[in-house]
Amino acid sequence: MFKRTLELSLVKWKNDSVHKPIILRGARQVGKTSMVRQFGKKNFRQLIEINLENQAQRKVFQGVLDIEDFERRLALVRGERMETGKLLFIDEIQELREMMELLRFFAEERPGWHVIVTGSLLEAKMGGKWSVPVGRVDYRSLFPLTFFEFLGAMGKDKLLSDLQDLKMGEKYPYHDLAKQVFGQYVLLGGMPEVIANFAEKQDYGRAREVLQRLQIGYVDDVAKYTKNEQEKKYLEAVVTNGAREGGKIFRYENFAGTDFHSREMSSAVARVEKTMLCHQVAVINSTILPMNLKLRRPKKMIWLDIGLVNLVNEYYGEIIQGDYSGRVMEQVVGQALLADLSSTFNQLVYFARDRDESSAEVDFCFINNSKLVAMEVKAGKTTTSRSLQGLMKDPLSEIVPVLVSWQELGIDRGMIKIPFYLLARWREFIGRN
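Those letters in the sequence shown? Residues 1 to 433, by our numbering.
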């Protein structure tokens with residue numbers, strides 16, 4: 001079993017005096033079910049699991065009226081009784097609307113209960129008659145494994161410990177080793193089934209086979225959240241080809257080489273985004289807060305996982321030869337930031353001047369401690385960033401400049417330099433800057 005960082009947040013939730021039901025979001029196959037089971041068994045005296053994708057279990061709770069009715073059905077059919085000290089886990093809750101609507105009553109009538117539900121296609125399947133009990137639930141999100149989680153899963157505990165303890169200004173004697181292992185992570189990605197398979201077999205071919213199976217599964221999933229055949233055509237085009245745009249700025253018109261128009265594809269991409277298979281990163285053209293998103297301008301695509309991006313684009317040859325091109329590393333950094341910022345519901349954007357001003361562009365920006373962090377990704381030998389340096393000289397700009405590259409940790413000409421393998425600790429390194 002993998003140790004996931006999100007478990008720390010769930011332990012805190014468990015120990016809080018007020019603990020609303022949690023909706024755990026995440027794309028299919030990112031490990032939601034396994035993580036909740038692991039968390040439940042470690043922290044509660046009993047885990048009561050209901051899987052609503054299972055037809056027999058769904059039938060038991062179909063038409064449930066209220067909390068008392070739910071308790072009766074649970075006791076009579078499952079022979080179990082929910083009470084304090086137990087964790088109730090409802091998997092794939094989007095399969096039964098009445099169970100979703102019951103969440104508000106869990107919070108109001110059984111505040112002592114600990115309840116976690118998952119729904120990988122929840123938002124995509126919800127129509128106008130569905131409603132999430134706003135204010136009566138909490139949210140958590142799970143993403144593919146981060147690099148630190150990858151190190152734990154691969155049994156590289158000493159390297160993980162070193163990287164967690166390294167301080168600003170210190171030279172790391174095993175810098176080249178850390179780069180090499182991070183390169184392995186870039187090649188494989190962070191999908192749990194892929195990492196579990198590779199940790200056991202040490203076979204890249206088998207890992208690729210798992211990725212192929214996952215990709216086919218995501219395409220097959222389209223039918224589960226489509227309304228009609230016409231819509232299915234557009235959604236299928238996004239899920240099949242969307243990873244081609246991972247780490248890139250894209251346009252809806254002729255999306256990823258298709259011959260479809262902007263209107264249909266913008267709707268399809270937005271719908272796929274709700275399944276958490278992708279994320280659209282909007283642009284800003286000013287560093288003055290609050291951020292003013294330019295939603296009509298092209299967005300940057302961050303796909304679910306770099307492993308899938310490699311598979312669809314056939315990047316393997318380039319990566320093995322050491323060519324970590326910008327598009328690859330922007331995807332890697334983007335998915336890491338999304339996983340980290342999701343807990344604060346922070347907006348991830350990129351910066352680009354208007355065309356008539358200059359060509360300045362910075363890969364990622366977000367707010368931290370009421371300041372704008374401007375983060376440039378440099379995968380090649382050149383580690384200077386004219387765009388970032390230009391923003392630093394701008395008298396109207398007040399940014400925290402960060403350069404993410406293969407260089408060692410440090411500060412250079414006012415820029416905070418973070419190596420790719422230490423990106424998970426960006427909060428510590430930028431501090432109160």
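I should point out that these hints are in silico values taken from the structure, not numbers from a laboratory.
Predicted, not measured: the structure shown is a model, and the values here were computed from it.
Careful, some of the hints might be misleading.
[Unchecked claim] In silico EDC-like cross-links for lysine to aspartate or glutamate, where the CA-CA straight-line distance does not exceed 20 Å: (1) Lys248 to Asp323; (2) Lys171 to Asp16; (3) Lys227 to Glu264; (4) Lys294 to Glu200; (5) Lys224 to Glu209; (6) Lys86 to Glu200; (7) Lys3 to Asp323; (8) Lys179 to Glu193; (9) Lys171 to Asp412.
Hint-by-hint comparison with the structure:
{"no.": "1", "hint": "Lys248 to Asp323", "result": "16 Å, holds"}
{"no.": "2", "hint": "Lys171 to Asp16", "result": "40 Å, violated"}
{"no.": "3", "hint": "Lys227 to Glu264", "result": "14 Å, holds"}
{"no.": "4", "hint": "Lys294 to Glu200", "result": "46 Å, violated"}
{"no.": "5", "hint": "Lys224 to Glu209", "result": "24 Å, violated"}
{"no.": "6", "hint": "Lys86 to Glu200", "result": "33 Å, violated"}
{"no.": "7", "hint": "Lys3 to Asp323", "result": "31 Å, violated"}
{"no.": "8", "hint": "Lys179 to Glu193", "result": "23 Å, violated"}
{"no.": "9", "hint": "Lys171 to Asp412", "result": "14 Å, holds"}
Hint check: violations occur at hints 2, 4, 5, 6, 7, 8; the rest are consistent with the structure.
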